[in-house]
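Enquirer: If you want the building blocks of each chain, they are given just below.
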Amino acid sequence: MLEDHAKVIAVLKEAGEVIGRKKLQKIIYICKKLQFPFNEKYQFHFYGPYSEELTLRVEELCNLGLVTEVKESKGNYYQYKYAVTEEGNEFLGHYDFELPDLRQCISEINSQSSRFLELVSTILFFDRLTKEEVVEKVHTIKRKQNYSEDEIEQAYAFMEKLGC
Amino acid sequence: MLERLNEEKVFKDPVHRYIHVRYRLIWDLIGTKEFQRLRRVRQLGTTYLTFHGAEHSRFSHSLGVYEIVRRINEIFSQYEGWDEKNRLLSMCAALLHDVGHGPFSHSFEKVFNLDHEDFTRMVILGDTEINKVLRRVSDDFPLQVADVIAKTHDNKLVVSLISSQIDADRMDYLLRDAYFTGVSYGQFDIERILRVMRPGDDQIVIKQSGMHAVEDYIMSRYQMYWQIYFHPVTRSAEVILSKILHRAKVLFEQGYHFQHDPIHFYSLFKENISLEDFLKLDDSVVMFYFQIWQEEQDHILSDLCERFMNRRLFKYIEFNPMQQMNAWRELHDSFHEAGIDPDYYLVVDSSSDLPYDFYRPGEEEERLPIHLLKPGGDLRELSRESDVVEAISGKKRTDHKLYFPADFILEGNTDATRRIKSLLQID
Chain A
1 MLEDHAKVIA VLKEAGEVIG RKKLQKIIYI CKKLQFPFNE KYQFHFYGPY SEELTLRVEE
61 LCNLGLVTEV KESKGNYYQY KYAVTEEGNE FLGHYDFELP DLRQCISEIN SQSSRFLELV
121 STILFFDRLT KEEVVEKVHT IKRKQNYSED EIEQAYAFME KLGC
Chain B
1 MLERLNEEKV FKDPVHRYIH VRYRLIWDLI GTKEFQRLRR VRQLGTTYLT FHGAEHSRFS
61 HSLGVYEIVR RINEIFSQYE GWDEKNRLLS MCAALLHDVG HGPFSHSFEK VFNLDHEDFT
121 RMVILGDTEI NKVLRRVSDD FPLQVADVIA KTHDNKLVVS LISSQIDADR MDYLLRDAYF
181 TGVSYGQFDI ERILRVMRPG DDQIVIKQSG MHAVEDYIMS RYQMYWQIYF HPVTRSAEVI
241 LSKILHRAKV LFEQGYHFQH DPIHFYSLFK ENISLEDFLK LDDSVVMFYF QIWQEEQDHI
301 LSDLCERFMN RRLFKYIEFN PMQQMNAWRE LHDSFHEAGI DPDYYLVVDS SSDLPYDFYR
361 PGEEEERLPI HLLKPGGDLR ELSRESDVVE AISGKKRTDH KLYFPADFIL EGNTDATRRI
421 KSLLQID
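Taken in order, these protein sequences are the chains called A and B.
Quick note: the first sequence uses this note's numbering, first residue 1, plus one each step.
Quick note: the second sequence uses this note's numbering, first residue 1, plus one each step.
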C-alpha cells in the first residue's frame, strides 16, 4: 500500500530538503531515467518534463502530515520547500525497499540549480534523438532559457557522471 | 496548401450544434481507419457504470476539440502573424490529439506500462492512413503535428491551443462530459471565453474583462472532478478493471491455459505491443474477453469479470493511511486467513492514482498558469486577480479510499471474517 508515496518520501529524506517544486519534479524525473523504480507519469510541459501525478502525490503526503511544505513569498511568486516529518520517517519504516545507490545521486542532483535540472531533464526527455538533434531541440523549444553551448556540455557531463 | 471541399460538410453535435469541415485534409483524416477506431473507445472509460449516459466516444470529443480550434482560428485570423500554417497545424493537432488512446486507457497504461502519447506519435508517424493523408501537406508535416500534440513543438502558441491550462481539449471534454453524464454543473460560457482569448507570446492569454467567464470554467473543472471524474463508484469499477488485467497477466506469466486464447492480449502481457496490435484493441474487444472470462476456471479472474460485467462493484470506506496503518496490516492478514486474496480484493485507491490537473497557480516555472491581459498590456496570473479562483486553488484536494468486496465478507462466518467486519465496521 502506498509504495509510490514511500519512494517519494525516501527521496526527500535523502535530499534533506528540496527547495522548489520545479526542482523536486526534475529530481524524480532524472531518478526515473536512471532506472530507479518511480512510477509517476511525466509529460513534456513548458518548463520541461512535468508529472501531475507527482504533484498530487506530494500534496497527499503534505495532507497526511508525512512531508512539510513551507511556502515563501519571493515578491512576484511563491517558492515551496519540502522536507520529511518525523511521522514521515516512521511511515518509511514500514517499507523495506532498498534504493542503495539513490543517496549519492540525490545529493548530486539536489545540489544543482533548477534551471540546470530543467536542461538535464529536457535532454533526457529527448534521449531517442542524436546529440546534435537534442542540442537543436534545446535551442528551439528552450529559446527563452537561452542555454549556452557550455551549459549543454555541462549537462551531458553531469549525466555521464550520474550514469545516464 | 489547403484544398477546400466543394461544399462545407457538417456533423451534428449535441455540444457545439455543428462541427464544420471545410478542408479536404480534415475530411480525409476523419475518414481514416485509425480515426474511425475512436468511435469504439469510450471517452470516460468506466464512468458509464455510474452515469449511464456516459457512452460518448473519443471520436465525438476529438471532433469537438477540432471545432473549438477551428473557431479560435477564425478569431485569430484577424491578428497579424497568425498564418495559414498555424491554422492547418492547430486544426490537425486538435483533431488527432487523442488518436493514441486505447480502451480504458488509464488502467491499461498502468498495468501494461503503456503511454498513449507514444501511440499517438506512432499513429501519426508510422505506416498508417493518417500519416499518408498528413504527408500530402509536406514530408515533415506529420512530425510537426506529432510535436504539437507532444508539446515539444517550438510554436508554443499553437501548442497552447491544444494543451494548456485553458485549452480546446479541456473546454470540449468538460462540456461534453457534463452533457452526456446529465449533470447540470460543468457549464461555462465558451462563446465568451473564445471572444476574450488573445494570442500571447507563448500562450493564449485572456482579456481582463473575460475573467468571470474563466472563473466559471475553473469552477467547472473543480466540480466535474469531484462529481464525475473521481466519483467513488467509478473508482470502484476502475479498481476491478485494473485487477482483472493484473490477474490475466499473472495467469499468463504462470502458464495458465485460458479456455479461449486471449490473442489480443498476448503482446500486452509481454509488454511488447506493436502499433498494429494496438490498433486492433477497442472497448468491444476488451468487453468480449471480460464476458468469456466469467467462465474461466480461475475463480479470481471469473469473479472479477462477473463483478465488472454485472456491476457488482466493491464497497468502500474512507481511509487514512496514517491513522489506519495497523488496521491495514491486520486486515491484510485477516483477508489471507479468510481465503480472500488481498492482492485482488483489498485496495487502497488514492487521488493521485487518477491525477487530474486542478488549476494551480503553483510557483514560478513549475508550469504555465492562466494569464489575464490587463488594459495596459501587463499580464497577471489569474488567482492574483480572482478571489474565486484563489479560494478554489487553496482547497484540500486529496483523499484515499479502501475498496473491498463486502458480499464476500458478509457471507463469511469465521473468526477472520468477523474480525474484518469489525475492522471495516460493516455488518
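No lab work stands behind these hints, which were simulated from the structure alone.
Since the structure is predicted, the reported quantities are computational estimates derived from the model, not experimental observations.
Among these hints, one or two may not hold up.
Claimed, not checked - Simulated crosslink set (DMTMM-like; lysine to aspartate or glutamate; CA at most 20 Å straight-line):
| id | chain 1 | residue 1 | chain 2 | residue 2 |
| --- | --- | --- | --- | --- |
| 1 | A | K74 | B | E381 |
| 2 | A | K32 | B | E381 |
| 3 | A | K33 | A | E86 |
| 4 | B | K110 | A | D101 |
Claimed, not checked - Listing some non-contacts, in silico: residues in chain A with all C-beta distances to chain B over 12 Å:
| id | residue |
| --- | --- |
| 5 | K41 |
| 6 | E98 |
| 7 | E118 |
| 8 | K144 |
| 9 | E151 |
Built from N, CA and C at the ideal position, the CB exists for glycine as well.
Enquirer: With d taken as the least Cβ-Cβ distance between A:K41 and chain B, does d exceed 12 Å?
Expert: The claim breaks: A:K41 does not keep its Cβ more than 12 Å from every Cβ of chain B (closest is about 7 Å).
Enquirer: Between B:K110 and A:D101, is the straight-line Cα distance small enough, at 20 Å or below?
Expert: Violated, at about 26 Å.
Enquirer: Given the hint that A:K74 pairs with B:E381, does the C-alpha gap stay at or below 20 Å?
Expert: 15 Å, holds
Enquirer: Test the statement that A:E98 is away from the interface with chain B: the closest C-beta pair must be farther apart than 12 Å.
Expert: 21 Å, holds
Enquirer: Can we trust that A:K144 is non-interface, i.e. its beta-carbon lies farther than 12 Å from all of chain B?
Expert: 8 Å, violated
Enquirer: Please confirm whether A:E151 is truly not at the interface, meaning its C-beta sits more than 12 Å away from all C-beta atoms of chain B.
Expert: 16 Å, holds
Enquirer: Taking 20 Å as the top limit, are the C-alpha atoms of A:K32 and B:E381 close enough?
Expert: Between A:K32 and B:E381 the Cα gap is close to 32 Å, so the pair fails against 20 Å, i.e. violated.
Enquirer: Just checking, A:E118 versus chain B, shortest CB gap more than 12 Å?
Expert: A:E118 is in fact no farther than 12 Å from some Cβ atom of chain B, at 8 Å.
Enquirer: Measure nothing beyond the straight line between the CA atoms of A:K33 and A:E86; if it is 20 Å or shorter, mark the hint as holding.
Expert: Violated - the C-alpha atoms of A:E86 and A:K33 are around 29 Å apart, more than 20 Å.
Violated hints, listed in ascending order, are 2, 3, 4, 5, 7, 8; each of the other numbered hints is respected by the structure.
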